[in-house]
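Protein sequences, first through last, are from chains A and B. 1 is the number of the first residue of the first sequence in my numbering; add one for each residue after it. 397 is the number of the first residue of the second sequence in my numbering; add one for each residue after it.
Hints were generated in silico from the structure; no laboratory data involved. In this text the structure is predicted, and so the values were computed from the model without any measurement. Ideal Cβ placement from N, Cα and C applies to all residues, glycine included. Please note: incorrect hints may appear among the correct ones.
The list that follows gives simulated cross-link-like pairs (lysine to any residue, SDA-like), each with its CA atoms no further than 25 Å apart [to be verified]:
1) A:K249 x B:S531
2) B:K519 x A:V234
3) B:K519 x A:G232
Reference listing, derived: stretches of chain A covered by chain B, where coverage requires no fewer than 3 residues with Cβ under 8 Å from a Cβ of chain B [claimed, not checked]:
4) 167–176
5) 222–235
6) 238–251
7) 331–342
8) 380–393
Here's the letter readout for the chains.
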Amino acid sequence: MKKVVSVGLAAAMVVSMAACAGSETTESTAAADTTAAAENSGEDTAATDGMEEFVIGTTGPLTGSAASYGTSVKQGEEIAIQEINEAGGVTVGDKTYKLVLNYQDDEASEETAVTAFNTLLDSGMNAYIGAVTTGACLAQTDLSAEANILQITPSASAEAVTENDNVFRLCFTDPLQGEMIAQYVVDNGYESVAVLYNNADEYSTGIHDAFVEKINEADSSLLVADESFTTGDVDFTTQLTQIKNSGAKLLFVPAYYGDVAYIVQQASDAGMDCDFVGSDGWDGILGQVTDPTLVEGAVFLSPFLATDASVADFVEKYEAAYGATPDQFAADGYDCVYVIKAAMEQAGSIETDALIQAMTEISVDGLTGSVTFDASGEPTKSAKFVQIVDGAYTAM
Amino acid sequence: MLTSILEQLINGLRTGSIYALIALGYTMVYGIAKMINFAHGDIIMVGAYTLYIGIALLHLPVIPAMILTAVVCSVLGVLIEKIAYKPLRKAPPLAVLITAIGMSYFLQSMALLIFSSTPIPFKSVINLETVQIGSVHISGITIITLLVTTITMVALTLFINKTRAGSAMRAVSEDRGAAELMGINVNKTISMTFAIGSALAAVAGILYICQYQSLRPTLGALPGIKAFVAAVLGGIGSVPGAMLGGIVLGIIESLAKAYISTELADAIVFGVLVIVLLVRPAGLLGKKKLVKV
């Protein structure tokens, strides 16, 4: 027996050593490859249009349950960068820069987000847009502060995201969304409301807490059920049954569309007929439900609506390029690029400190409305209510 | 209040009966092969994706697609046994356990490679209106789930107790060596057990996907683990134990979520498991085996 154990241990050691050696080699080769590639592309562009490159790094989910958000941000950014480069790049002082996007998939996971961010740092970037989801973004803010990089998140809405001075936010915050929904409930004269939120997720909890506080301030008898679930749950029947029997006329679900798709389906199965209201994570829900009538009439917050006349130009370009209607994440990504452009022009430099300084001095009239930033990194802008009517997103 | 309790009991019964279906696979395989087949949960996932391929991509009618699902899962179950477990039949139990976990990851990664991790929405193929009795609502899929699991369990019990093949299974589970001496083909019996267990997982997969309508590579992991707990709770190796364990687990989970706390529900479920095992180490219906030395 002893012999077997010792042979096993020896084997394990050999394997682990081999594994270490293996990974080291791959890493160094990969690094060499990137440098070589960077040099090549640098030479190529210098030869073709004589502009220096300004690299914008981004991480967001391109796969996984939040893939729709990351893909949209990426496509929005690509359109903005293409527009800017076609118009002759960004002029900073006496130099002109060509924008380049380096996008890494972070699967909306905190661990992957850190790795992806480090990959971006290693290959060199001048400013960072990201991360797309809150959890991933929180995992990166300290890293970006340490590396002293200007970070603008298109869509991470937890308050803590902008704690560091180098981090700015384009979307509105979680608590603000909760307060706006509470106001909506009061304004529309609902007598009873229930909330179902993900208590393992900063985004969902942030909205929930502000909502509950605000609604109780207005009238403490309004909130009749307060139920929760955790990330990865697919069965909500128990919570929904509780909510149904509480007699709530309206159900507020501050969550991402993946969870919402399960919730609306199971609510219908349980024979519920209440109205739905949601946070901006609902954007994309029509692509995830099997039957659009399940969410007919639902209302959610969104800073962007593709059917608006003011954004028709962007929507047309986006549809031509990707064959899909842009959502708020695409608009957020697009606006972030223009915010960076404005900051570069204002700063007259591409040094991080100058860019950060310039952020509070600019005003950008973007797809998601006109936005300015304060020193704490928060945007000043307004939100729109969107309703699903006849299986399409409609402005209210 | 009464309506609420009744509805929560029905919710529990529904999830519980799916757990029971899956738990049957664990318990049958444990009874015969004396191993925990951790890849069993992922067979559910394969079943769900097969149904999706059959209906959404190959445009098969519902019934042939379901039969295809059951056949694919059974064949996969038998193949897994032949390739991964059979060569290890004489190996220490730990090696088999690790192989089973490896198999589980293998299946998940294959699904990840082929279909990516983005959830695929899939419209239920079972469309039955929600039924209202008094003030209690029962969804169509709940009724179908309860019907299908009851029929499957009765059929399985009859098969095990009344047919020659069923007797062979019981004999192998009782004493493999003796069964072999009595002329029972042990390899064939083990293959058959894996085929039946995987077919049950396919049924669970179909019900699961019609209930939740969204496909992802990890969908089998959580029900797989819960069903394993159900099998242990009921007494691993015991077929009626798996059925009872699954249903008890589903009901405890539902009631705990509804009346105690959503966050504590899993802790309560596992707490019950610990208490049951302290009082009855072989599980609710498990047989205590005396080993003579």
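Status of each hint after checking the structure:
Distance hint between K249 of chain A and S531 of chain B is fulfilled; the C-alpha atoms sit about 17 Å from each other, no more than 25 Å. Of the supplied pair hints, the one linking K519 of chain B and V234 of chain A holds, its CA atoms being roughly 16 Å apart against a limit of 25 Å. Proximity of K519 of chain B to G232 of chain A is assessed by CA-CA distance (about 20 Å); at most 25 Å being required, the pair is judged to hold. Chain B is given as covering the stretch 167–176 of chain A, and this is violated because 0 residues of the stretch bring a CB closer than 8 Å to a CB of that chain, at least three being needed.
Only residues whose C-beta sits within less than 8 Å of a C-beta in chain B count toward coverage, and the stretch 222–235 of chain A has 7 of them, enough to reach three; the restraint holds. Judged by the Cβ-Cβ criterion of 8 Å, the stretch 238–251 of chain A is covered by chain B as claimed, because 6 of its residues qualify and three suffice. Three residues within the 8 Å Cβ limit are the bar, and the stretch 331–342 of chain A against chain B gives 0, so the coverage statement is violated. For the stretch 380–393 of chain A, the stated coverage by chain B is violated: 0 residues have a C-beta nearer than 8 Å to a C-beta of that chain, whereas at least 3 were required.
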